Structure formats: C-alpha cells, structure tokens
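K.L.:
One line per chain: the protein sequences are A and H, in this order.
Heads up: the first sequence begins at 1 in this note's numbering, then just goes up one per residue.
Heads up: the second sequence begins at 1001 in this note's numbering, then just goes up one per residue.
Just so you know, the hints here were simulated from the structure itself, not pulled from any lab data.
Hints are supplied without guarantee of correctness; some may be wrong.
Heads up, simulated DSS-like pairs for lysine-lysine below, C-alpha to C-alpha not over 27 angstroms straight-line [unchecked claim]:
hint : chain 1 : residue 1 : chain 2 : residue 2
1    : A       : K104      : A       : K56
2    : H       : K1098     : A       : K37
3    : H       : K1020     : H       : K1064
4    : H       : K1020     : A       : K104
5    : H       : K1020     : A       : K42
6    : A       : K42       : H       : K1098
7    : H       : K1041     : A       : K37
8    : A       : K42       : H       : K1014
9    : A       : K37       : A       : K104
10   : H       : K1055     : A       : K104
11   : H       : K1020     : H       : K1055
12   : H       : K1041     : A       : K71
13   : H       : K1055     : A       : K37
14   : H       : K1066     : H       : K1041
15   : A       : K42       : H       : K1066
16   : H       : K1014     : A       : K104
17   : H       : K1055     : H       : K1098
18   : H       : K1098     : A       : K56
19   : A       : K37       : A       : K71
Since the structure is predicted, the reported quantities are computational estimates derived from the model, not experimental observations.
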Amino acid sequence: GENVGLHLPTLSVQEGDNSIINCAYSNSASDYFIWYKQESGKGPQFIIDIRSNMDKRQGQRVTVLLNKTVKHLSLQIAATQPGDSAVYFCAEITHNAGGTSYGKLTFGQGTILTVHP
Amino acid sequence: GAVVSQHPSWVICKSGTSVKIECRSLDFQATTMFWYRQFPKQSLMLMATSNEGSKATYEQGVEKDKFLINHASLTLSTLTVTSAHPEDSSFYICSANKGDSNQPQHFGDGTRLSIL
C-alpha cells in the first residue's frame, strides 16, 4: 500500500469477535509480506509473514491471506482481545532478479483496531 | 525480549540543537539498519538505510546533511538530527534484520523528538 498516511482507517470490534484487517499493496513484484502491530508510543512488533509462493499462513490466533491477483493482503485475528488494540501495518519487500535485496520495507497505510470489552 | 534497542526514548530540546539517537542490535550483528520517521496517525516512512562501514543510502527528499547517519560497528547505528527545528519533531524508529533480507526486520521502540 502507499504511504498516504492521513486519517488511518479504523476497525472496532467486541472482545471475542474475529477481526479482519485488509491491505492493498502496490508492487506486483513484491515477494515477501509482513504484518506488524504497533502500540502507542512503541515501535512495530512482528506478527506474521508470508511469501509470495503461499496464499495462506497461520499462526497463533492469526492468519494471513495473500491474493496476488488483486494485490491484496489480509490479517485475521481470532477471538480478539483488548490487548490486540493497536495500529496494524502491512509491509512489503521486493527482491531483485537475483533474489537478494537489502530488505527495504514499504509500509501500508495502517489500520487502527479497537477492541471493546 | 527486545532485539533492537533505541536510545533515548524521548528528547525535548531547543531549536537549533543537534540530537543524536542510537540504535543497537542486542544479540546479533547487523550490517544493515534502517531509520524511519513517523508523524502522528501516519505510517512509517523510510528515511535511510544505514550500512556498516560505508555511507548511508538516503531516500528521495531526505537531506543527508540534516540527518547524519553513522554505522561504525556491526551493532550500532546513530542518527543525528542537526540544527533541529520544530518541523523535525517526530517519532524516529530504527530497525535491523536479524538474519538476511528474507527475514522480518525487528524494530526499536522509537525516539520521540520534540523541538521547542
């Protein structure tokens, strides 16, 4: 996604519900995607990643789905808890033809998730 | 636990002051570190890539003479905001790859810079 920045999208859910956070990425050549969680006043924290040769990956309570056809990434959080409240960013990395890069991340816009008890 | 440490976490200083921010990889060596800036309610914007033993690579629009980067060792990169002004007030965050570029970057907890 592009760093358009202003007025982050918001998602409000009730505790125990499932959350789905979406991200549109910009570069069809990107081959590695990461979801980060950022709490107020802190740096981003790694949640889960996925490579372009996969379309789904599961972690503990989180699932990432990748649709390369429409350049769309989603993060699903099961049984959302108040501690999940944060800003969530997707990020993409594009490697060159040799499969190497210095790992330059391009961050998406971010989504503010608020979980109500 | 944290793998990237950033210091200080918060700085308030007068306009015209130069401020140095340190980024350390705690239990690994990082030949490459990254510096980001984040304004309130916005995403992270990459400022520059810090390369150990060589010059940093700056993103378009980032003044290299304003934001001096030094990566003198495999565990330390510093960002110096020279002659800071109120418009430089922001949240500065560093990151490093624990492995190669096919691994996720780990981030420090950021430095809140406020210029009066």
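K.L.:
For each hint, tell me whether it holds in the structure or not.
P.N.:
Against the structure, the hints come out as follows:
As the CA atoms of K104(A) and K56(A) are separated by approximately 23 angstroms, the hinted pair is consistent with the 27 angstroms bound. Proposed proximity of K1098(H) and K37(A) is supported: the alpha carbons are some 18 angstroms apart, at most 27 angstroms. Between K1020(H) and K1064(H), the direct Cα distance comes to roughly 14 angstroms. Compliance with the 27 angstroms bound is thereby established for this hinted pair. Taking the CA atoms of K1020(H) and K104(A), the gap is about 23 angstroms. The hint holds against a cut of 27 angstroms.
Annotation: proposed proximity of K1020(H) to K42(A) holds, straight-line Cα distance about 19 angstroms (limit 27 angstroms). Annotation: proposed proximity of K42(A) to K1098(H) holds, straight-line Cα distance about 19 angstroms (limit 27 angstroms). Using a Cα cut-off of 27 angstroms, the hinted pair K1041(H) and K37(A) holds, with the two alpha carbons roughly 14 angstroms apart. A C-alpha spacing of about 24 angstroms is found between K42(A) and K1014(H), which places the hinted pair at or below 27 angstroms, so the restraint holds.
This hinted pair checks out: K37(A) and K104(A) have alpha carbons roughly 18 angstroms apart, not beyond 27 angstroms. Between K1055(H) and K104(A) the CA atoms are separated by roughly 16 angstroms; this keeps the pair inside 27 angstroms, and the hint holds. Between K1020(H) and K1055(H), the direct Cα distance comes to roughly 17 angstroms. Compliance with the 27 angstroms bound is thereby established for this hinted pair. Between K1041(H) and K71(A), the direct Cα distance comes to roughly 24 angstroms. Compliance with the 27 angstroms bound is thereby established for this hinted pair.
About 31 angstroms separates the Cα atoms of K1055(H) and K37(A), which puts this hinted pair outside 27 angstroms; it is violated. Under the criterion of a C-alpha separation no larger than 27 angstroms, the hint pairing K1066(H) with K1041(H) is consistent with the structure, at around 24 angstroms. Of the pairs offered as hints, the one joining K42(A) and K1066(H) holds, with about 24 angstroms between alpha carbons and a cut-off of 27 angstroms not exceeded. Proposed proximity of K1014(H) and K104(A) is contradicted: the alpha carbons are some 33 angstroms apart, above 27 angstroms.
Note on K1055(H) and K1098(H): the hinted pairing holds, with a Cα-Cα distance of about 21 angstroms set against a maximum of 27 angstroms. Our distance criterion of 27 angstroms between C-alpha atoms is met by K1098(H) and K56(A), whose separation comes to about 24 angstroms. At most 27 angstroms may separate the alpha-carbon atoms for a hinted pair to count; K37(A) and K71(A) meet this at roughly 21 angstroms.
The structure fails hints 13 and 16 (numbered hints given earlier, in ascending order).
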